[in-house]
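Numbering of the sequence shown is given in this note's numbering, commencing with residue 634 and proceeding in unit increments.
Derived by calculation from the structure, the hints in this document are not laboratory data. In this text the structure is predicted, and so the values were computed from the model without any measurement. A portion of the hints provided could be inaccurate.
Ranges between beta-carbon positions, derived for each pair [stated by the list, open to error]:
no.: 1; residue 1: Pro675; residue 2: Glu655; range: 15 to 25 Å
no.: 2; residue 1: Thr636; residue 2: Glu668; range: 14 to 24 Å
no.: 3; residue 1: Ile635; residue 2: Pro682; range: 28 to 38 Å
no.: 4; residue 1: Trp651; residue 2: Arg685; range: 32 to 42 Å
no.: 5; residue 1: Glu659; residue 2: Asn680; range: 28 to 38 Å
no.: 6; residue 1: Ala641; residue 2: Gly684; range: 12 to 22 Å
no.: 7; residue 1: Gln647; residue 2: Gly684; range: 25 to 35 Å
no.: 8; residue 1: Thr636; residue 2: Arg667; range: 17 to 27 Å
no.: 9; residue 1: Glu676; residue 2: Asn645; range: 28 to 38 Å
no.: 10; residue 1: Thr674; residue 2: Ile635; range: 18 to 28 Å
no.: 11; residue 1: Asn680; residue 2: Ala641; range: 25 to 35 Å
no.: 12; residue 1: Asn680; residue 2: Val658; range: 26 to 36 Å
no.: 13; residue 1: Asn680; residue 2: Gln647; range: 25 to 35 Å
no.: 14; residue 1: Gly657; residue 2: Leu678; range: 10 to 20 Å
Idealized CB from N, CA, C, for every residue including glycine.
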Amino acid sequence: MITVWGRASSSNVQKVTWTLDELGVEYERIDRGREFGGLDTPEYLANNPNGRVPTIQD
């Protein structure tokens with residue numbers, strides 16, 4: 634299953650989730666960024682060294 638890291642209110646995250654919905658691909662979204670924080674954790678930076686959302690993990 635695909636995991637999308639980022640907050641639902643992010644327009645860039647919305648683009649990814651809308652595309653996955655249109656394609657019928659199952660995914661899990663994990664809140665990260667702004668009020669949720671977590672962009673500077675070692676776990677997140679291992680997946681996205683830029684420390685930005687969205688990040689997609691397959």
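task: Return holds or violated for the Cβ distance of Asn680 and Gln647 against the range 25 to 35 Å.
output: violated (20 Å)
- prompt: Is it true that the C-beta distance of Glu659 to Asn680 lies inside 28 to 38 Å, as the hint says?
  reply: violated (19 Å)
task: Check the following: the C-beta atoms of Thr636 and Glu668 are separated by a distance inside 14 to 24 Å.
output: Distance hint for Thr636, Glu668 holds at roughly 20 Å.
field: Status of the given 28 to 38 Å range, CB of Pro682 versus CB of Ile635
entry: Since the Cβ atoms of Ile635 and Pro682 sit about 20 Å apart, the hinted range of 28 to 38 Å is violated.
CB-CB spacing for Gly684 and Gln647 relative to the 25 to 35 Å hint: violated (20 Å)
- prompt: Is the gap between the beta carbons of Gly657 and Leu678 within 10 to 20 Å?
  reply: Since Gly657 and Leu678 have Cβ atoms about 31 Å apart, the given range 10 to 20 Å is violated.
- request: Kindly confirm whether 32 to 42 Å is satisfied by the beta carbon distance between Trp651 and Arg685.
  value: Since the Cβ atoms of Trp651 and Arg685 sit about 19 Å apart, the hinted range of 32 to 42 Å is violated.
- prompt: Does the Cβ pair Thr674, Ile635 satisfy 18 to 28 Å?
  reply: At roughly 20 Å between Cβ atoms, Ile635 and Thr674 fall inside 18 to 28 Å, so the hint holds.
- prompt: Okay, Asn680 versus Ala641 on CB: inside 25 to 35 Å?
  reply: violated (19 Å)
task: With 12 to 22 Å as the target window, see if Ala641 and Gly684 comply at their CB atoms.
output: Between Ala641 and Gly684, where Cβ atoms are some 19 Å apart, the hint holds.
- prompt: CB of Glu676 to CB of Asn645, is that within 28 to 38 Å?
  reply: violated (20 Å)
message: Can you tell me whether the CB distance of Asn680 to Val658 sits inside 26 to 36 Å?
response: Roughly 18 Å apart at Cβ, these two residues miss the hinted range, so it is violated.
Against the hints set out earlier in the document, violations occur for numbers 1, 3, 4, 5, 7, 9, 11, 12, 13 and 14.
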